[in-house]
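Chemist: Using the sequences and the hints, build the whole thing.
Protein chains in written order, with full-length UniProt numbering: chain A, 1 to 277; chain B, 1 to 277; chain C, 1 to 277.
Hint data in this document are derived by calculation from the structure and do not stem from the laboratory. Note that the coordinates shown come from a computational prediction; the quantities given were computed from them, not determined experimentally. Each hint should be verified, as a subset may be incorrect.
Since the list gives no way to pick one copy over another, a pair counts as held whenever it fits inside one copy or between any two copies.
Here are the simulated BS3-like pairs of lysine-lysine, each with C-alpha atoms no more than 25 Å apart in a straight line [to be verified]:
(1) Lys242 with Lys112
(2) Lys195 with Lys19
(3) Lys53 with Lys112
(4) Lys85 with Lys119
(5) Lys119 with Lys162
(6) Lys195 with Lys20
(7) Lys242 with Lys159
(8) Lys185 with Lys60
(9) Lys268 with Lys3
(10) Lys169 with Lys53
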Amino acid sequence: MEKEIVIKISNLLNEVRNKKPLVHNITNYVTVNDCANILLALGASPIMADDIKEAADITKISSALVINIGTLNERTIESMIASGKMANELNLPVVFDPVGAGASEFRNATTKRILEEVKINVLRGNMSEIKFISGLEVSTKGVDASESDLKSGNDEGIKICKNLADKLKCTVAITGATDIVSDGKRVAILENGTKMLANVTGTGCMTTSLIAAFCGAGLDYFIGAVSGITAMGVSGEIAFEKAGEIGTGSFHIAIIDAISNLNSEIIKNMAKVQFYS
Amino acid sequence: MEKEIVIKISNLLNEVRNKKPLVHNITNYVTVNDCANILLALGASPIMADDIKEAADITKISSALVINIGTLNERTIESMIASGKMANELNLPVVFDPVGAGASEFRNATTKRILEEVKINVLRGNMSEIKFISGLEVSTKGVDASESDLKSGNDEGIKICKNLADKLKCTVAITGATDIVSDGKRVAILENGTKMLANVTGTGCMTTSLIAAFCGAGLDYFIGAVSGITAMGVSGEIAFEKAGEIGTGSFHIAIIDAISNLNSEIIKNMAKVQFYS
Amino acid sequence: MEKEIVIKISNLLNEVRNKKPLVHNITNYVTVNDCANILLALGASPIMADDIKEAADITKISSALVINIGTLNERTIESMIASGKMANELNLPVVFDPVGAGASEFRNATTKRILEEVKINVLRGNMSEIKFISGLEVSTKGVDASESDLKSGNDEGIKICKNLADKLKCTVAITGATDIVSDGKRVAILENGTKMLANVTGTGCMTTSLIAAFCGAGLDYFIGAVSGITAMGVSGEIAFEKAGEIGTGSFHIAIIDAISNLNSEIIKNMAKVQFYS
Numbered sequence: 001m002e003k004e005i006v007i008k009i010s011n012l013l014n015e016v017r018n019k020k021p022l023v024h025n026i027t028n029y030v031t032v033n034d035c036a037n038i039l040l041a042l043g044a045s046p047i048m049a050d051d052i053k054e055a056a057d058i059t060k061i062s063s064a065l066v067i068n069i070g071t072l073n074e075r076t077i078e079s080m081i082a083s084g085k086m087a088n089e090l091n092l093p094v095v096f097d098p099v100g101a102g103a104s105e106f107r108n109a110t111t112k113r114i115l116e117e118v119k120i121n122v123l124r125g126n127m128s129e130i131k132f133i134s135g136l137e138v139s140t141k142g143v144d145a146s147e148s149d150l151k152s153g154n155d156e157g158i159k160i161c162k163n164l165a166d167k168l169k170c171t172v173a174i175t176g177a178t179d180i181v182s183d184g185k186r187v188a189i190l191e192n193g194t195k196m197l198a199n200v201t202g203t204g205c206m207t208t209s210l211i212a213a214f215c216g217a218g219l220d221y222f223i224g225a226v227s228g229i230t231a232m233g234v235s236g237e238i239a240f241e242k243a244g245e246i247g248t249g250s251f252h253i254a255i256i257d258a259i260s261n262l263n264s265e266i267i268k269n270m271a272k273v274q275f276y277s
Numbered sequence: 001m002e003k004e005i006v007i008k009i010s011n012l013l014n015e016v017r018n019k020k021p022l023v024h025n026i027t028n029y030v031t032v033n034d035c036a037n038i039l040l041a042l043g044a045s046p047i048m049a050d051d052i053k054e055a056a057d058i059t060k061i062s063s064a065l066v067i068n069i070g071t072l073n074e075r076t077i078e079s080m081i082a083s084g085k086m087a088n089e090l091n092l093p094v095v096f097d098p099v100g101a102g103a104s105e106f107r108n109a110t111t112k113r114i115l116e117e118v119k120i121n122v123l124r125g126n127m128s129e130i131k132f133i134s135g136l137e138v139s140t141k142g143v144d145a146s147e148s149d150l151k152s153g154n155d156e157g158i159k160i161c162k163n164l165a166d167k168l169k170c171t172v173a174i175t176g177a178t179d180i181v182s183d184g185k186r187v188a189i190l191e192n193g194t195k196m197l198a199n200v201t202g203t204g205c206m207t208t209s210l211i212a213a214f215c216g217a218g219l220d221y222f223i224g225a226v227s228g229i230t231a232m233g234v235s236g237e238i239a240f241e242k243a244g245e246i247g248t249g250s251f252h253i254a255i256i257d258a259i260s261n262l263n264s265e266i267i268k269n270m271a272k273v274q275f276y277s
Numbered sequence: 001m002e003k004e005i006v007i008k009i010s011n012l013l014n015e016v017r018n019k020k021p022l023v024h025n026i027t028n029y030v031t032v033n034d035c036a037n038i039l040l041a042l043g044a045s046p047i048m049a050d051d052i053k054e055a056a057d058i059t060k061i062s063s064a065l066v067i068n069i070g071t072l073n074e075r076t077i078e079s080m081i082a083s084g085k086m087a088n089e090l091n092l093p094v095v096f097d098p099v100g101a102g103a104s105e106f107r108n109a110t111t112k113r114i115l116e117e118v119k120i121n122v123l124r125g126n127m128s129e130i131k132f133i134s135g136l137e138v139s140t141k142g143v144d145a146s147e148s149d150l151k152s153g154n155d156e157g158i159k160i161c162k163n164l165a166d167k168l169k170c171t172v173a174i175t176g177a178t179d180i181v182s183d184g185k186r187v188a189i190l191e192n193g194t195k196m197l198a199n200v201t202g203t204g205c206m207t208t209s210l211i212a213a214f215c216g217a218g219l220d221y222f223i224g225a226v227s228g229i230t231a232m233g234v235s236g237e238i239a240f241e242k243a244g245e246i247g248t249g250s251f252h253i254a255i256i257d258a259i260s261n262l263n264s265e266i267i268k269n270m271a272k273v274q275f276y277s
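Modeler: This is how it looks when you write it as structure tokens:
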């Protein structure tokens, strides 16, 4: 079964390279250049457009939509909603990255509004963002919160992921030291990656954009999410091998290099996927 | 004649290094960092300012203006117009990059408005953007549209370029596998570059900013456009030689390295320019 | 005395690594990605949020605030003020980078407004920005203005720095070939760095963000400013050693690498600090 999934990932990578899906990103200005470059490196095409006067029109010519609230503002929220609705109408995949959900009332209200007004196909966040969306009480543990998140084990994570996927009728991806993906029925546990990915801004945003590219090239969005996360995890490992000791600047560049050199062979040799259904 | 042009390019590069022209960029947030860094690498100075309350004031202290609609929005369009008018008043060169013209009604209307309200000195775009502006029917050929654009040969491209230059009374530069520049009378065909430039976001935007720097250092904007495109093409080849096999991330950095090391000797040895008048 | 300061810098670096201060940046879209990555490289955590509906809320959960007017606009100025006031209320350090003060009426008025409405803890700028704020007549010397700024010697610089620090009741840092820091009583002269830092956009902005991280980890903001500037200067030297001959793109990446590898030993061996009180 694991082998089957890995083959699906590597086939979908080839589909991305053949179809060159145009991915419309309404995203933050911190990591937008990396999102564009990682999409090009993968073989997809990026387009960024966030004015209400054209957002839906740009979605119309795209194969997938990314909504990322990293630097949300009142102007672009309306564009996110308009583009999201257009994508829904055209049955295009919508990938939502609720950056910082839980950190301010504004982010919380916006996250809620997007989930209510747009049908999301893939939701990707870290554990605290996903827990916030799940409406769970996030236990405050001070500075080592993320540490204890990890130690709470995958069992709790899987439950949260699966339940939220079921509730939102979409694929939910929780990324961290271990990544968990579920569409409510199927569950994948992904073990690729390196801690150093947390030392470069935007590796989460880039993963979201990669997921959108994979979803834009195939119809199984669960596999799309697994593929995007695996592509980033494997490339993170390759980049770490190559530049981990040089520093975080070189590691950052090496991630994009690795995505641009990714192929079926590498996926088959390196992907660490466990699958449950 | 070709030799003469190459000498003009290399002289203008020296002028840029001597005069350090300040280039005002009203541009998109995707590639803005690269535009700033490539201008510094060339020896020019970048300034970015897009609020209507200062746009024209910043243009006033600059040597050239870039208007790039990559992530246009209602707020900054007014600043583009105000800065454009100020540049016209002061006889400063205005370089216009109609990113995505043809892709949405909003971009089309904005492109039209800018061309009507601002006297543009250099227009740089890819074939489909320039065809849109020319009012030509762009034949829809699906995914291989750009391929067939190329195969249609340079003759058609030269005609489009020359006609539009004549109509707009400016220099028009069409960049692609082969670059075509015309001011309505003179025509240059530039053959530098590498396909890999299309795998890094912003190489078009960076070329536009380079053109503005060259135009800010000399009065012949046709030569300014030829110089900016040649600088990028030659640097792309050097970067490909150095980092093409490493990946698109390293290639991206190597482009900026190459621009920072560019000199007359390199231009003279590598520039591939054909000239007709 | 110098040795004591160097020990304080290296201790504060360890504090940053232990406390991982969250630094809220309301900054420009040109260099924002570098600011985020340099903060992560140092061991701090970046957060960018500029909408009035959340700016103060995000400041509330942060350890320090950066206000950088590099691409100021009417929308975000209100957020700068709101966040600044919140930081003041909570006694969080506010670091202000008056990018381009003096270049337009809008920047001048905004600079004035921020200084009037927000209590700034550290002000970091280049000589011409600081002179503008000091209300000094900046003698216009054409293209070599910055050259003559340098030749005017440190004595004048120290006086300007100390007087403004005294007037604003904050730490003032003037960065350039030689950096000067004063809190009105103490003065530090910092001699690290390389001319090549001026060939990469955002090294000033990054220094400002580094200062905020150091100030977020300790209570002596004079030492925070000295630490941020020393970290950048030392890293610039290391980067120059490694990549100076390759080009400005590689040098840019090497700066972030060097910050990510910075440690007490390097600070102790390389910091060039003179101290007067």
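Chemist: Evaluate each hint against the coordinates.
Modeler: So, going through the hints one by one against the coordinates:
1. Lys242 with Lys112: neither (41 Å within a copy, 48 Å between copies)
2. Lys195 with Lys19: between (32 Å within a copy, 18 Å between copies)
3. Lys53 with Lys112: both (24 Å within a copy, 16 Å between copies)
4. Lys85 with Lys119: within (8 Å within a copy, 39 Å between copies)
5. Lys119 with Lys162: within (17 Å within a copy, 48 Å between copies)
6. Lys195 with Lys20: between (30 Å within a copy, 16 Å between copies)
7. Lys242 with Lys159: Classified as neither; 36 Å inside a copy, 49 Å across copies.
8. Lys185 with Lys60: Classified as neither: same-chain Cα gap 31 Å, cross-chain 40 Å, threshold 25 Å.
9. Lys268 with Lys3: Within. Shortest intra-copy distance 8 Å satisfies the 25 Å Cα cut-off; inter-copy 53 Å does not.
10. Lys169 with Lys53: Classified as neither; 30 Å inside a copy, 30 Å across copies.
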